[in-house]
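In the order they appear, the protein sequences are chains S and Y.
No gaps in the numbering here: position 5 of the first sequence is 28 in the working numbering, and each next residue is one more.
No gaps in the numbering here: position 259 of the second sequence is 876 in the working numbering, and each next residue is one more.
Don't take each hint at face value.
Said to hold, decoys possible - Taking lysine-lysine and the BS3-like style, the derived pairs with C-alpha atoms no more than 30 Å apart in a straight line are:
hint : chain 1 : residue 1 : chain 2 : residue 2
1    : Y       : LYS724    : S       : LYS281
2    : S       : LYS37     : S       : LYS79
3    : Y       : LYS729    : S       : LYS53
Quick caveat, the hints were computed from the structure, so don't treat them as lab data.
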Amino acid sequence: MLNRILAPLSAAWKEATDSQVWTSIFRHGKPVSNRNRALVMMSNVFLHLHPVKSRKAGIKLRYTWCMGGITFFLFLVLTFTGLLLMFYYRPTVEYAYADIVDLQEHVPLGIMRELHRWGAHAMVITVWLHMLRVFMTGSYKPPREFNWGIGVVLLVLTLLLSFTGYLLPWDQLAIWAIAVGSNMARATPLLGTEGPLSASLTLGDISLINAGNDARFALLGARSVGQPTLLRFYVLHCVGLPLVAAFLMAVHFWRVRKDGGISGPM
Amino acid sequence: MIDLFQDLVNWASGPTVLFTITTVGLLLAFRFTQVWSRTSAKIFFAVLTVFYVASMWDPNFFLIVAKPDNIPITGVIFLVFFFTWFAMHQGIQNDRRREGGTEVLEKEEAEKVWVWPDLVYTEMLAMVLLSIVLLVWSILAAAPLEQPANPADSPNPSKAPWYFLGLQEMLVYFDPWLAGVVFPTLIIVGLMAIPYIDTNPKGNGYFTFKERKAEIIIFLYGFLILWSLLVISGTFLRGPNWNFFGPYEYWDVHRVEPLLNVNVSDFFWVKLLGQPLPSGGLFAALLREWLGILMVGVYVFVLPVVMSWSKDRLPTGLKWLSCHHYYEKMGATRYYIGVSLFLIMMSLPIKMYLRWAFNLKYIVAFPEIFFNI
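Working from the sequences, and respecting the hints, build out all of it.
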């Protein structure tokens, strides 16, 4: 009886996998033979981030915790959900909050914003844990010193991505968190109005650093958190920072491979 | 009985007590490494879970912990504890293997395996599990959305996003130019500098504790106490006006904490000499702050040199300061950069304890040019 159902199914499956369409996409058979296991890694653009073979101890979950991979996966989730959110969201003081309310109340089963927000928080944590793992296994040691540095920059980018995204709902939580965070820029030495030594930068009687041109102004695009800040953070959040992060991730993954793959005892 | 327990927890969560308990606890755990066993981890997590779940019946505790944007902090508490334990546990197991004459665990399975299926299946599973976690989390908890932005109405407390609350907590002890600009920069630079400062060739590619004790203790102290603990307490225990509130305490906006903080200059001129602070002009300002400038100068410029001396050169009582073997091992450049970064990191707990013990506000204070340390 079961055979009667399965036989046509397996015949259909065979038909499909033998078709010209299938064989044009996957240029080799199932990865059950060693030859095909190698081919699948080399012919697939996503899988080719991996080597064909790897040390057994290195790929154990207890060693890597899969934290770097999870972080990358979260980045992809955030890119995808972020793209969908961009369809609905307008970065203006007038519409931003209303668009978020609409997302929450009028999109049936809409959890894209939830996925995006919780995913972002989770990514901050997984980046920390990935760094903890890399430190505790001494994986920053030669020859991987440079890649650790790239990783630190990626940590900073993750925090900046999260920080710029925090403003976009344009609610009380958002603007005051950004206000508190950006107030610190006022205290930048030499470059902030309330920073050490800034008052000494004068041209004759004119003070060169004021609230209209200091480091905080550069961050906010205004003297206080307002429309220019929202647009600036939106562009950085959706385009600028993800581009830089994606570029550095490419370098990071490339260097993992070039520096000898997942670390292990010499 | 419950009241007594709650009072005890509130007391123990106070910045002074909590910081001291966790620091001493961590140092003891590095000394008595048998605590990183499976059994103690189970007990620890059982106690933590019971504490967490039982506390949910307290309205004040629930209010803070269940706030949507605070959910990640609960994750941080459990995950950071678990993975710190997991790394230390494996490190100590490896150390024991070495002592017993066997190689570390990571060396045992040195043969190469096919990435398909051995790795890609793990990754696939991780992706599926994570997707489930994210979906469930997103269905159960709505993303926070408060009242529309109103620049005229600042909430109390105004908090930065949770991952920056360690920096905001530093603002209690340092001015914004240090806590918000210089220290974050040094954290980033310092992290990037780690591989170039650390010349210990051991412990590359496997978990260990014994072979890299100093590195691990410094890093975990920074990560667990100076970063994670400050993030956690900044989120859960800092209420209106950035006052401290225990986990079972009501966030009373009207609570007033007397601020009687004094500067080193006040200690010297007013309390010790019974004189008014020198005033008028640059020279008077320098005279006013001479002791603080000297203290900071000694800490930043003299101490690293003194620490590089061998034990014989150091007077009795200061011999423990000697880091001569590091100086020998690392060379002058690495040593000075490493020790300077370490001392700057330690300036945070030092300033914290000075505040708690002496109500010290600034060691050097030039409010005229916003230069306060």
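Status of the hints after comparison with the structure:
no., hint, verdict
1, Y/LYS724 x S/LYS281, "21 Å, holds"
2, S/LYS37 x S/LYS79, "33 Å, violated"
3, Y/LYS729 x S/LYS53, "21 Å, holds"
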